[in-house]
Amino acid sequence: MTNAWTDIKNTDLVVVMGGNAAEAHPCGFKWVTEAKAHRGAKLIVVDPRYTRTASVSDFYAPIRQGTDIAFLNGVINYCIQNNKVQWEYTKAYTNASFIVQDGFAYSDGLFSGYDEDKRDYDRSSWDYVMDEDGFARTDPTLQHPRCVWNLLKEHVSAYTPEMVERICGTPRDKFLKVAEMISECSSPTKTMTSMYALGWTQHSHGAQNIRAMAMLQLILGNIGVRGGGMNALRGHSNIQGLTDLGLMSHLLTGYLNMPTEKEPDFETYMSSRQFRPLRPGQTSYWQNYRKFMVSFMKAMYGDAATAENGWAYHYLSKLDVPAYDVLRVFEMMNAGHVNGYICQGFNPLLAFPNRGKVVAGLSKLKFLITMDPLDTETARFWENHGEFNDVDTASIQTEVIQLPTRCFAEDQGSLTNSGRWLQWFWPAATAPGEARADTWIMAQIFLRMRELYRKEGGAFPDPLLNLSWEYHDPGDPEPEELAKEINGRALRDLTDPNDPSKVLVPAGKQVLNFSQLRDDGSTMCGCWIYSGNFNENGNNMARRDNHDPDNTGAYLGWTFAWPLNRRTLYNRASADLNGKPWDPSRKLMEWDGTKWTGYDVPDIAPNAKPQDVMPFIMNQEGVSRLFTRGLLRDGPFPAHMEPFESPVQNVFNRKMRGNPVGRIFESDISQFGNSDEFPYAATSYRLTEHFHYWTKHNRVNASLQPEFFVELSEELAAEKGIKAGGWVRVWSKRGSVKAKAVVTKRIRPLICDGKTVHVIGIPLHWGFTGTAKKGFGPNSLTPFVGEANIETPGYKAFLVNIEPSTAPGGAVA
Amino acid sequence: MNMELSRRGFLKATGAGVAATSLGAMGFGAAEAAVAAHVRPMKLANTTETRNTCPYCSVACGIIIYSKGDVRKGEQADVVHIEGDADHPTNLGTLCPKGAALKDFVQAPTRLKHPMIRKPGSDKFEQVSWDVALDRIARLMKDDRDANFLAANADGLAVNRWTTTGMLAASATTNETAWTTFKVAKALGIVGFDNQARV
Ligand code: SF4
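Each protein sequence line maps, in turn, to chains A and B.
The numbering of the first sequence is my numbering, which starts it at 1 and goes up by one.
The numbering of the second sequence is my numbering, which starts it at 1 and goes up by one.
Isolated chain B, as found in the complex:
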């Protein structure tokens, strides 16, 4: 191949069934163009491709998500396929049995769709609106903080500890989520604040 085209770009160009003549015009040799001409158009040709990362292990393989619809244009978008990103230096397009089945995680039957509340002693969750859930959380947290916040220790030194509410942060969320979470938890004085790193 005598032109600068990424591995992934090459797959895409051939897979999308670009006519042999135009491939030739792009600088491909005749043999490569002939092969490309016989490759049938990809099923995924009309999907939106998005670069993402496998959320499971810390190898962090590059993936490409194919969706019907473009969520970044505000459209409804549903995942139809996920595959390894051939341009990614770590995984070079490969995925393990976990990453290869990612679509079923996105669309798992047990994905949560609505805020729920389980009342004390109850044997079921009941659906509530976000406003109800968030107002309730703010109230529960503030009441507990106001009742138990330790402003000073026995020596009168300001210690600002709220020990009666704790938080576990998620180590599969983004750095940006982590920073938001950090700011809120530390500003509230939650000292029982940890994440999976310790576990």
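In isolation and in its complexed conformation, chain A is listed as follows:
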């Protein structure tokens, strides 16, 4: 989230699209209710289902899943056509005026540079025209035909209300009503917030869904302001934290990147990470990359990381593919190229697409290690549960080691919520039996392996032998020690560059925050964006001052928000070019003539003059991007793409299937279904009574929603002879499930490109362990497709068929 849950109360309009906050994030959704009750805010829901969020909305519009880009481009087009643009903001704070190279073009659903064989774009022309000094050329009058604004205007012009209706199935009048309500927020004194979640990310074009809304928010002037922003509600309690800490194949901590084979040494790696500003005088904060990277390497490898050895850069793995993401690893597993797998608090048997492929992959492993507080399906993937897990146990040669871990009530440490707040919590209970903390288990595995390498030698033991492990009890690191390591400390006295006699931070002391990090090896820091979490002032994540001066919703004294305790990202954009708040009644930051003041930690150098330094300090441009250059693989503007399995063809290019650069493996192509065999558009979602596959272990939630079901419209039920409460079989090209039918008015057929499209809804909470009745999940049916930029599997739009059936074998009627 750019903003915080508590900030939503400041908004005038909430758009929930690609999410269902009332059910999936109920206590956060309370702030929507607050905005409605106290500010008269309105709520719009755009969703294939009339969800519980929709039931309290002011306006609901249906949409076919997977077509959000067409809808949002339609709204952008509406705003441009009707002059509903926050012009001052758009001109000053976005790249609307930047001139784009002549080679860039778009036609027939594709951008320039497409290579069909490689399924990739040559992105070299997707860039600005640069001047002799290496700065981007601009035309502040927006007259230049190749400026971003004019290219955008042309790009979205195809998305008329008629086209939106044709693609999305949203009736024209409903679309126009939504567009009109949204466009009112172009006023500098009206803000809109976007609340989205996995309904936008879990598509082969997920990043572009989000881009489209971000662009809309920018031309309305809604980023960086109170009650505005792009608010990714996110999933698990610490999904934000694990992303921030880089527990991903292609990342290091704090959004530093894993090196690739093309970067054999540290200086080569750094050479493409200079981040020179693209406009004069701009911050381009990533210019500090080297400080963060060197401090990270010092945190990892201590004295073994030296200037001479490129800070132990040779210890890092070098990637030969963009990422060994989960889909790629399961693809490799199926091909017999993976022997071992560790699942820490993760249940891939129910979480990953094409369950048949997941089971086959796990069955080829030599060993599987699970760490979990609960008895998961993954740990028991080899156990036969009739139709619910129909495996041949004896033939599965995988050794499985199941380790019991503590749960939240027995653990302590910090979690990062979707508003980027790092909140510390304390242990309250004794763990059952021999369950141990994950930190203990990881330390034990590490120490035992290190010991074996010391004794026996083996493959490149250096990174392991030299991994910094300075804990008071090496076998059981304490959460506080780990948090301090994440914050970072001085390894030598840090002196003032202007006055070397002055020591800013003595050796051994915690740095105040990342502004004190250096690139000469004199500081260490586990994760730069978190720095400030635990400094010499103590554990800032444990702060509990809930005062909120003037009720802005900022709560600066409550725990710690990254970066630097800042609550709203880009908050300098809440003020105009003179530093005056766009909306004086919703002031966030203000320029007092010499510095930035206000309710939040300024997201800009405190003394940066408002006319000179633009608010988007992480971008080389200093402004935000309506045109993303070559930063996304599937285009600098969002363009409509159908899901890989779609009931209709792409109206811009009938030959194009899915995202032209979406990641698919050769072995999965034969497993895509077509609409003649699988005519119905399925989607998956959560219910408010359950959290993933955990709460089915718990009696209360298991009795609230005891049994797997699918939802379908009355029209489709009548057509298929399906009775409410009767059993149905739902199947795709990849698998089959049986469920109780919920026949509902909440889902209605849509008309898309002249064709009736029936939607089937499939919730995701059942399996074969726990207290609830045995059932299936949507992943038995979903395709093995990865998002074009980040390889997120698409779970939200796929094709199925349905028929009345009998109960699955082994089910309790």
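Mixed in with the good hints, there may be bad ones.
Stated by the list, open to error - BS3-like, lysine-lysine: derived pairs with alpha carbons at most 27 angstroms apart: (1) Lys119(B) x Lys366(A); (2) Lys587(A) x Lys84(A); (3) Lys609(A) x Lys91(A); (4) Lys124(B) x Lys366(A); (5) Lys113(B) x Lys366(A); (6) Lys113(B) x Lys773(A).
By construction, these hints were calculated from the structure, which means they are not laboratory data.
For this one, chain A is given, so just place chain B with the ligand on it according to the hints.
Frame of chain A; chain B with the ligand shown alone:
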């Protein structure tokens, strides 16, 4: 109320049945003190209160866990009740149907208690000690790493990739667990390392 007392502090003071006179002495008005005097002592008065966070969704509601016993003093402690933390700015004491039933997650019958091993082809888990489980893991991992670690690519460039063992990290664990896990996995050269963020 004319004194600085947190919402939660007020609930606690009244709920614990503090005598009306002392409430008056604390600066409460007579009316408030009279109400407080009639509130019966809380069932939870003799429990240990711990501030924690709902582990489910990313709203991260504040909760208070009431336990018999104090685990931080090394005592056996069992959860008797969990409720929303009224001082928490996000949830202001409220919980959703998931958070409200958290106690049943902590005490679920399917909570794991011991390390288990399922041998190849077997139809059951067998209990083992931590030492047996951890030594076995270290051995399996080291053997696989030594056999398959790719130190250099075809061009002779050092690449340090261990692709034959992968890991999924848990996105409901703490940042501190995540950092420990990150260090170990990346130092081993596990490149097939991900978490739910991508899913
Ligand atoms: S109580 Fe509900 S809304 Fe709050 S964090 Fe838990 S699951 Fe999310």
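Exercise for the section: Give me the numbers of the hints this structure contradicts, sorted from smallest to largest. Expected result: Failing hints: none at all.
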